[in-house]
Amino acid sequence: MDSLQQRSSTVQEPPGAVPAYRPTPPPAWQPRTDHAPLLPDAEPLRVLGTDAAADADPALLLRLYAELIRGRRYNTQATALTKQGRLAVYPSTTGQEACEIAAAMALEERDWLFPSYRDTLAAVARGLDPVQALTLLRGDWHTGYDPHEYRIAPLCTPLATQLPHAVGLAHAARLKGDDVVALAMVGDGGTSEGDFHEALNFAAVWKAPVVFFVQNNGFAISVPLAKQTAAPSLAHKAVGYGMPGRLVDGNDAVAVHQVLTEAVARARRGGGPTLVEAVTYRIDAHTNADDATRYRAAGEVETWRAHDPILLIERELTERGLLDEDTRSAAAEAAETMAADLRERMNADPVLDPMDLFSHVYAEQTAQLREQAAQLRAELDAEGEA
Amino acid sequence: MTTATTGPAAKAAGAGKAKPATMAQALQRAMRDAMAEDPTVHVMGEDVGTLGGVFRVTDGLAKEFGEDRCTDTPLAEAGILGAAVGMAMYGLRPVVEMQFDAFAYPAFEQLISHVAKMRNRTRGAMPMPIVIRVPYGGGIGGVEHHSDSSEAYYTATPGLHVVTPATVEDAYGLLRAAIASDDPVVFLEPKRLYWSKSDWSPEAPAPVEPIGKAVVRRRGTGATLITYGPSLPVCLEAAEAAQAEGWDLEVVDLRSLVPFDEETVCASVRRTGRAVVVHESAGFAGPGAEIVARVTERCFHHLEAPVLRVAGFDIPYPPPMLERHHLPGVDRVLDAVARLQWEAQS
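Protein chains in written order, with this note's numbering: chain A, 1 to 386; chain B, 1 to 346.
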């Protein structure tokens, strides 16, 4: 712009000619705010395995460790339940436990979690009953819990559509004067959806207390990130909305916890939304219905296994002499107790009332629904008599 | 009910005495009264604040209640409705404006996957008391994407109420009822009736009835015209014209497509024995198809003739210079009534 102005002031008009039209640059041409502070760092933030790990609180490390062990066991147990036909489907987060757990731990009780269908573990880590968390996937109802009780929105199956809900809820809470933060989780594939864009834009314009947490696990079912986006990173997208983008090693539970805690605190003090991208990897297939060998090499999976979130934290705890046999066995035992309880309760057939089909369509049933309910009632009675 | 006597709405609508008020003014007054009574009611959408909406339906609300209660949002329909879902989760009652019928389509996923289903998904724990105001229909000379009659998309979605006023009085009463409803309501505003007037007084608004009641606008014995929204004035005019031919027509205004008031409709058809459904949206798989099926199932032995439909053609909404050929007018309704004189033909 400066060069434009300089040029216009030095060009001489031929005598007698009509002066060229040289407008004052419109306000839109004025230099914009420097958005450099919004840009994510080039490398994902790592704490474990670096000098910074020495500053990590031992109590936090031990708690993260125990939760990761329990989280891994939850993933293997739920996967086993699909093989036994107890779950229609289970999208595993094996390898991503650090993200799920740090997400839950970054929130206060009054905050809200907006999970995607893959984030059952985050919901469980937040305190949701594991059986209620699996209701959707078992198929006895769509949501197995009262969202207000746990402040966990229903697990969302359409991609990214829960993100604007998080914005609206956080905005409403702020209007009411409550210092509530909403944490909205989405996968790398979900960032391509229009709702991702609209949610981030609304949140930034409204300065809503929301943290957008992208778990980039490498694949949207089978499509790799390179075919999903041309952006330098998903965290870079934040700059276009005017919010900070943060990039973190998603397998480093301490780093994820640190970045999310900072983002939540920033939102709570009125600093507006943050976009966090955690770079992680989905060790299992998309779901049990998917064959991951068709789109990725075994070597790639092995590389990520070597960077497993549990290995990373175990190494740190061992180096600092914090991981003795008692700690290991206590964590393993707690995980086993959870798995056994889950197995036992999931092996009981749920009791279903078909009349529920008509109970929650409207506050009051329409005449048409009353008629249909009567029809089903008669069919059920006939079945009972037969 | 609050009956404030000051402010732009009251003045515009003729505070105190019954001066003619427009449907747009009645709608605005309904939002204003609801907002004054209930601090959880929030109006949001594109241009609803400073501008007062492109049809001025939200005129003055931002000034009176502040930008937090009447909010100009970014230009993004899915974002508007998606944010409204989150706001409803936190106990607010959003009233969302979708500027034009065809502009609502980006919000369909939010509407169908979340707004309509949230109560059901959560076993009643998360009702969605959201009103989605959609100016709809043609007849105002709008260019393409500004005149769609999109009601069939909404009526095909369980979990939504679909309401459409045809009179100034109903515009107020139905919008108040919609805002008070704990369920989501798609509130279709016939935009060519925005400037229709009546001697409605905002100081003595008609009682607010629950959603789902049809009303007989004109008594008759020869046949029933079943209609709603922008086609009501057409049917009333047709009924007047038909009198000259010796046909005494009854006109039923549905007011609500979901819930559908089968009782009022079928009672009328049983009295008259003949019926025509009139609407301007496409006929194929349109609301009329459902209504004819129901009337035929329920009233078959009372019918003297097949139940007919007069609808818009099954075409994308035409350019404005051709729309008069598409929109069902008085002549097309009268032709259908003539065809109802079944015995004379056979």
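One should not assume that every hint holds.
In silico DSS-like pairs for lysine-lysine, Cα to Cα no more than 27 Å straight-line [as the list claims (entries may be wrong)]: (1) B:197 to A:207; (2) B:197 to B:63; (3) A:176 to B:63; (4) B:63 to B:19.
The set of hints was computed from the structure by calculation and includes no laboratory data.
Discussion item. Can you confirm whether the C-alpha distance between residue 197 of chain B and residue 207 of chain A stays at or below 27 Å?
Written reply: Given pair residue 197 of chain B, residue 207 of chain A is violated - Cα atoms ~42 Å apart, limit 27 Å.
Worksheet item: Hey, residue 176 of chain A versus residue 63 of chain B, does the alpha-carbon distance stay inside 27 Å?
Response: 20 Å, holds
Worksheet item: Is the Cα-Cα distance between residue 197 of chain B and residue 63 of chain B 27 Å or less?
Response: Roughly 25 Å separates the two Cα atoms, so the pair holds.
Worksheet entry | Straight-line alpha-carbon gap residue 63 of chain B to residue 19 of chain B, limit 27 Å | 24 Å, holds
The earlier numbered hint that this structure contradicts is number 1, and it is the only one.
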